[in-house]
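**Student:** Following the hints, put chain B in place on chain S, whose structure we already have.
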Amino acid sequence: MKVTIDGIEIDVPKGTTILEAARMIGPEVAPPTMCYYSSLKTSGGYCRTCIVKVTQGSAANPTPMPKPVASCRTEVMDGMVVENTINKDVLEARKGVVEFLLMNHPLDCPVCDQAGECSLQDLGYEHGAAKTRYEFPRREFERIDIGKYVQLHMNRCIMCFRCVKVAEQLTDNRVHGVMHRGDAAEISTYIENVIENEFSGNVIDVCPVGALTDKTFRFKSRVWFTKPVDATCDCKKCSGKVRLWMKGPDVLRVTSRKNIWGEAEEFICNTCRFERKNVSDWKVEGPSQIHRSSVISQNHYNHLNELKVQIMKQQKALGFMDINKRP
Amino acid sequence: MGRKLLIHNDHVPNIHTLEVYRAHGGYASVEKALKTMQPDQITDEVKTSGLRGRGGAGFPTGMKWSFLAKPEGVPRYLVCNADESEPGTFKDRYLMEKIPHALIEGMITSSYALGAKTSYIYIRGEYFYVARIVEAAIAEAYAAGWLGKNILGTDFSHDCYVQVGGGAYICGEETALLESLEGKRGNPRIKPPFPAVAGLWGCPTVVNNVETIAAVVPIVNMGGEEYAKIGVGKSTGTKLISASGHINKPGVYEIELGITVEDFIYSDEYCGGIRNGKKLKAVVAGGSSVPILPTELILKTAKGEPRLMTYESLADGGFQTGTMLGSGGFIAMDEDTSIVKNLFTFARFYHHESCGQCSPCREGTGWMEKILQKFLNGTANESDVELLWDIQSKIEGKTICPLGEAAAWPVAAAIRHFKHEFLEIAKNKKFVDISHYDRLNLVRA
Chain S
2 MKVTIDGIEI DVPKGTTILE AARMIGPEVA PPTMCYYSSL KTSGGYCRTC
52 IVKVTQGSAA NPTPMPKPVA SCRTEVMDGM VVENTINKDV LEARKGVVEF
102 LLMNHPLDCP VCDQAGECSL QDLGYEHGAA KTRYEFPRRE FERIDIGKYV
152 QLHMNRCIMC FRCVKVAEQL TDNRVHGVMH RGDAAEISTY IENVIENEFS
202 GNVIDVCPVG ALTDKTFRFK SRVWFTKPVD ATCDCKKCSG KVRLWMKGPD
252 VLRVTSRKNI WGEAEEFICN TCRFERKNVS DWKVEGPSQI HRSSVISQNH
302 YNHLNELKVQ IMKQQKALGF MDINKRP
Chain B
3 MGRKLLIHND HVPNIHTLEV YRAHGGYASV EKALKTMQPD QITDEVKTSG
53 LRGRGGAGFP TGMKWSFLAK PEGVPRYLVC NADESEPGTF KDRYLMEKIP
103 HALIEGMITS SYALGAKTSY IYIRGEYFYV ARIVEAAIAE AYAAGWLGKN
153 ILGTDFSHDC YVQVGGGAYI CGEETALLES LEGKRGNPRI KPPFPAVAGL
203 WGCPTVVNNV ETIAAVVPIV NMGGEEYAKI GVGKSTGTKL ISASGHINKP
253 GVYEIELGIT VEDFIYSDEY CGGIRNGKKL KAVVAGGSSV PILPTELILK
303 TAKGEPRLMT YESLADGGFQ TGTMLGSGGF IAMDEDTSIV KNLFTFARFY
353 HHESCGQCSP CREGTGWMEK ILQKFLNGTA NESDVELLWD IQSKIEGKTI
403 CPLGEAAAWP VAAAIRHFKH EFLEIAKNKK FVDISHYDRL NLVRA
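If you read the protein sequences in the order shown, they are chains S and B.
2 is the number of the first residue of the first sequence in the numbering used here; add one for each residue after it.
3 is the number of the first residue of the second sequence in the numbering used here; add one for each residue after it.
Simulated from the structure, these hints should not be mistaken for lab results.
Treat the hints loosely; a few may be bogus.
[To be verified] Dumping the calculated BS3-like pairs for lysine-lysine here, alpha-carbon to alpha-carbon at most 25 Å:
no., chain 1, residue 1, chain 2, residue 2
1, B, 100, B, 6
2, S, 54, B, 100
3, B, 283, B, 302
4, B, 72, B, 119
5, B, 372, S, 96
6, B, 283, S, 42
7, S, 15, B, 193
8, S, 309, S, 248
9, S, 132, B, 376
10, S, 68, B, 305
11, B, 231, B, 193
[Said to hold, decoys possible] Reference excerpt, derived from the structure (chain B facing chain S, CB under 7 Å, subset only):
no., residue
12, 59
13, 356
14, 359
15, 362
16, 364
[Said to hold, decoys possible] Pair by pair, the computed Cβ-Cβ distance ranges are:
no., chain 1, residue 1, chain 2, residue 2, range
17, S, 185, B, 432, 26 to 36 Å
18, B, 14, S, 140, 29 to 39 Å
19, B, 128, S, 56, 13 to 23 Å
20, B, 298, S, 136, 32 to 42 Å
21, B, 184, S, 173, 20 to 30 Å
Beta carbons are placed, not taken as given, at the ideal position from N, Cα and C, and that holds for glycine.
If we strip away everything but chain S, and leave its shape as in the complex, we get (with noise of 0.2 Å):
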């Protein structure tokens, strides 16, 4: 099926949705996403930050759909055309969405562990307004205690989905959910029940903000100040494949390995993730491929180092002096 984005013809096969098609295509006509998640079934369609604009249904039915749609719930039709960073319309409601997701959220990013890597704070930067027009206290829920790996702090939730889907698809028996309804909604577990389950620790990881955040590296150091390390284990339960985030020898934090749309390769154990915190424990693979223009390459040099390389190497190919001969 003949698919067109932001004039970038694509070829896709049936079923794929608007959003697969646009990665596809790549990062920079691919829409946001905040409560998608590619591995986990039903997810999607809540956050409302993926909508955009088709203005050809297909090439039976040429006919603009009225209104603008969820483009990860939204399925391709051949000859459909889609506008999405080239529609104003799409923008502007696209910053409302943020502005409504912003409107309540705490903004406590200098104590967040998930600062640096928040999806959230990176949606902000590139679509929202600069100032909120909210003036009214934000909400905020009472704590409670979810065990002894995990840390709920309900105040960032943006209510995506993603854990309760976790719980349902990964996990043998779901403790948490949604309780109460509309802007009163929290994700909670049933008379502040304790979440124990061999695989709950991957609600951290697909949590795009730092409502579910790990209580075994909290406070322990900014993620931008970690080195990540891909590393492996003979692990029974699990792939054991996982990226561990070094600071000198010491091993602060363990996850899964994302891919760059944020989304984990692989869910890991409970084991992995919170109890093999020694590199004895690991097999270590090398430094993760981290993208140049995130905030956690900052402090892990290989693609400077590249960089460096290939500077040096076109520069001798131009006869300039080798930069350490200088005299």
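**Tutor:** Same frame as chain S, now just chain B:
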């Protein structure tokens, strides 16, 4: 006197019992359908009749039925949406309370047409006493053989169940209703797939309003062609209107679609004019979510033609100068009504009823309510009017289900037609309540 097809017997004592209902020609449509008609014939009759969904959207019922997927070996369901929660609408309650058998008769006939062996009536939680009336009627129907195995000796068997909701407005949205019926949290589903393909328990399902299902009875009895003769253009048949507000005779009226709005408000047959000799200020014509219109626009269209009680005429002029027939919740307001305060009541309702699934509605409805509260407190600025307008435009059309629109439209229409009232409060920094009473005590210190 207009023709009545649905509630013509509502004055008969004990019409809620099977005996009296049968004596007045009840269950004739079931006899006619099961003995003389094929299921598809009924769907064709409904198509010919031009019946449109009476729940609010006005989608042609026959077409909806024909969309129902019919895969082999998969059960199909008919679900009756009796979760009537739109503020200003109370017609289904009246129908179920007075003549419950009219609904059950419609359920049997419609189920036969759709090939549904099981049907459900999802009744709003607050209508628990109505649920008892309907359940009693269903028990009577089972005892008399109108429900159960081999109805009237034919191959057709049918079971009908009543489910009482938890009292959430959102469960009136068809996919949220299905979720709730399945025993889950009543959150709207993301469409597609539509219920006609994957509805209740993933099976093809038709969800119809109470009045729509009841209207199938006269259509089968008199024939679709005869039914289509009533009304104007694509608005055929009769419609129940719940009239409320500052009128002399509030209540449920069955009208022939096509009478003028002026006639409906001022004639003695219907609302009987505005009470206490006051003047009409504005009308919400189809339940709280449709745009409010000032007197000059509700009585006459922008072109100067008299406005009729039809789907098309009320929508004439789009949202700039028109509104919608909606569910038929007709709320008339006299000259002593504050539009701002009325809007606050609506906004508060939608804030309270938002399910919290998608961001614009979850956050936006509460924000709009808070700003309107500022108007009532007299602390609003002129820029707040622009802000309200901007918020509603960012909710409308960006949500999963129509609750977002339902919350945004009244705000948009009130600002469109009554902006001066907002600006006056902002300028004087004072809200003067011009209504006679403040029973709800809405203004908080």
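**Student:** Next, verify each hint and record whether it holds.
**Tutor:** The hints, checked one at a time:
1. A distance of roughly 15 Å separates the Cα atoms of residue 100(B) and residue 6(B); the hinted pair therefore holds under the 25 Å criterion.
2. For the proposed pair residue 54(S) and residue 100(B), the alpha carbon gap of about 48 Å is over 25 Å, so the pair is violated.
3. Annotation: proposed proximity of residue 283(B) to residue 302(B) holds, straight-line Cα distance about 14 Å (limit 25 Å).
4. Only pairs whose Cα atoms come within 25 Å are accepted, and residue 72(B) paired with residue 119(B) is accepted, the gap being roughly 13 Å.
5. Restraint check: the Cα-Cα separation between residue 372(B) and residue 96(S) comes to about 21 Å, which is no more than 25 Å; the hinted pair holds.
6. Annotation: proposed proximity of residue 283(B) to residue 42(S) is violated, straight-line Cα distance about 51 Å (limit 25 Å).
7. For the proposed pair residue 15(S) and residue 193(B), the alpha carbon gap of about 18 Å is at most 25 Å, so the pair holds.
8. With a CA separation close to 24 Å, the supplied pair residue 309(S) and residue 248(S) stays within the 25 Å bound.
9. Under the criterion of a C-alpha separation no larger than 25 Å, the hint pairing residue 132(S) with residue 376(B) is consistent with the structure, at around 21 Å.
10. For the proposed pair residue 68(S) and residue 305(B), the alpha carbon gap of about 28 Å is over 25 Å, so the pair is violated.
11. At most 25 Å may separate the alpha-carbon atoms for a hinted pair to count; residue 231(B) and residue 193(B) exceed this at roughly 35 Å.
12. Given hint, residue 59(B) at the interface with chain S, is violated; its Cβ is 14 Å from that chain's nearest Cβ, farther than 7 Å.
13. Nearest Cβ of chain S to the Cβ of residue 356(B): about 4 Å, under the 7 Å cut. The hint holds.
14. For residue 359(B), the suggested interface contact is upheld, since its CB lies about 6 Å from the closest CB of chain S, less than 7 Å.
15. Annotation: residue 362(B) was flagged as interfacial toward chain S, and the flag holds, the nearest CB pair being 5 Å apart, inside 7 Å.
16. A least Cβ separation of about 5 Å between residue 364(B) and chain S falls short of the 7 Å threshold, and the interface hint therefore holds.
17. The hinted window of 26 to 36 Å between residue 185(S) and residue 432(B) holds, with their beta carbons roughly 32 Å apart.
18. Residue 14(B) and residue 140(S) have their C-beta atoms about 54 Å apart, which leaves the hinted 29 to 39 Å range violated.
19. For residue 128(B) and residue 56(S), the Cβ-Cβ distance of about 44 Å falls outside the hinted range of 13 to 23 Å, so the restraint is violated.
20. At about 36 Å, the CB distance of residue 298(B) to residue 136(S) agrees with the hint of 32 to 42 Å.
21. A hinted range of 20 to 30 Å for the beta carbons of residue 184(B) and residue 173(S) is consistent with their spacing of about 21 Å.
Going through the hint list in order, the structure does not satisfy hints 2, 6, 10, 11, 12, 18 and 19.
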